[in-house]
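J.: Sequence:
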Amino acid sequence: MIETFGILIPFLIADVLNPVLFAFMVYAAGTQRPVVTSSAMLLGHTAAYFGAGIVIALGLEKITHYLANPSSIDYLIALVVGLLLLWVALPTAKKPETKRPEDSGSMTPLAAFWLGAVINFIGIPFALPYFAAIDQILKANLTTGDTLVLLVAYNLVYALPFLVVPVLVASLGERSRPVLQRINRTLERASAFLMPVLLGLAGLALVADALLYFTIGQGLF
Numbered sequence: 013m014i015e016t017f018g019i020l021i022p023f024l025i026a027d028v029l030n031p032v033l034f035a036f037m038v039y040a041a042g043t044q045r046p047v048v049t050s051s052a053m054l055l056g057h058t059a060a061y062f063g064a065g066i067v068i069a070l071g072l073e074k075i076t077h078y079l080a081n082p083s084s085i086d087y088l089i090a091l092v093v094g095l096l097l098l099w100v101a102l103p104t105a106k107k108p109e110t111k112r113p114e115d116s117g118s119m120t121p122l123a124a125f126w127l128g129a130v131i132n133f134i135g136i137p138f139a140l141p142y143f144a145a146i147d148q149i150l151k152a153n154l155t156t157g158d159t160l161v162l163l164v165a166y167n168l169v170y171a172l173p174f175l176v177v178p179v180l181v182a183s184l185g186e187r188s189r190p191v192l193q194r195i196n197r198t199l200e201r202a203s204a205f206l207m208p209v210l211l212g213l214a215g216l217a218l219v220a221d222a223l224l225y226f227t228i229g230q231g232l233f
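Residue numbers (my numbering): 13 to 233.
Honestly, the hints are just simulated from the structure, not real lab data.
Do not take every clue at face value.
[What the hints assert, rightly or not] What follows is a list of derived Cβ distance ranges for each label pair:
1. Pro190 to Glu15: 40 to 46 angstroms
2. Leu175 to Met13: 21 to 27 angstroms
3. Leu102 to Gly185: 39 to 45 angstroms
4. Ala204 to Ala165: 26 to 32 angstroms
5. Val176 to Gly229: 44 to 50 angstroms
6. Leu160 to Leu122: 24 to 30 angstroms
7. Leu216 to Val164: 48 to 54 angstroms
8. Leu216 to Gly185: 41 to 47 angstroms
9. Val179 to Leu102: 32 to 38 angstroms
10. Gln44 to Ser84: 51 to 57 angstroms
Because the structure is a prediction, the values reported are computed rather than measured.
For each residue, glycine too, the CB sits at the ideal point set by N, CA and C.
Let the hints inform the model, and build the full structure from the sequences given.
T.: Take a look at the structure:
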């Protein structure tokens, strides 16, 4: 299981580099209860992401049960996801623009929780690293318990970097706002440069893995 989680790390890094959630958490940090509200948004997003992961995993598992060769289907899914990752990594691929939310102090923690979940569900069709990670988990043929543990671990590690928002707000107060804005701008620049590279490498690895399996009967991992 630990070896499988090591395979997930590149997909996890590419997933975390998406600046949308961080931008909305900075927005939540500008409300009347910044620590609670930004934490609630992260909790809502993480809970929805984990729930979506279970649904995606069950869907992929049902596909393999209906088809004659589950292993081949796993690699076929990996090939499709890998090609999609390569397409997204291309400079010419059209990326959805991130709309920066306007400042507001009226959002409640409950509203932030649901907004975090909505942000996740809207972005799920574009969460290709998450699809790739789930496919790798299923390909490892783990028990149901181990699969759930890996999904929980993935989502917890995914959420960790975003805790910087409530932590900075709690420790610095109003002084955290310019710091968070700088981090947000840095993340956007890093995402613009690193995400295509990481997605491209992950896509190449998945495509090579699938092609080797269909050619010689054994994949890279």
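J.: A separate judgement is required for each hint: does it hold in the structure or not?
T.: Hints versus structure:
Remark: the range hint 40 to 46 angstroms for Pro190 to Glu15 is upheld by a beta-carbon distance near 42 angstroms. Checked against the hint of 21 to 27 angstroms, the C-beta distance between Leu175 and Met13 comes to roughly 25 angstroms, which is consistent with it. At roughly 43 angstroms, the beta-carbon separation of Leu102 and Gly185 lies within the given 39 to 45 angstroms, and the hint holds. Roughly 28 angstroms separates the CB atoms of Ala204 and Ala165, a value that falls within the hinted 26 to 32 angstroms.
Between Val176 and Gly229 the beta carbons are some 45 angstroms apart, a value that agrees with the proposed interval 44 to 50 angstroms. The hinted range of 24 to 30 angstroms is satisfied by Leu160 and Leu122, whose Cβ atoms lie roughly 27 angstroms apart. At about 29 angstroms, the beta-carbon gap between Leu216 and Val164 misses the expected band of 48 to 54 angstroms. Taken as a hint, the range 41 to 47 angstroms holds for the pair Leu216 and Gly185, whose Cβ atoms sit roughly 45 angstroms apart.
Separated by about 36 angstroms at the C-beta atoms, Val179 and Leu102 satisfy the suggested range of 32 to 38 angstroms. Checked against the hint of 51 to 57 angstroms, the pair Gln44 and Ser84 passes, with Cβ atoms roughly 55 angstroms apart.
Hint 7 from the list above is the single one not met by this structure.
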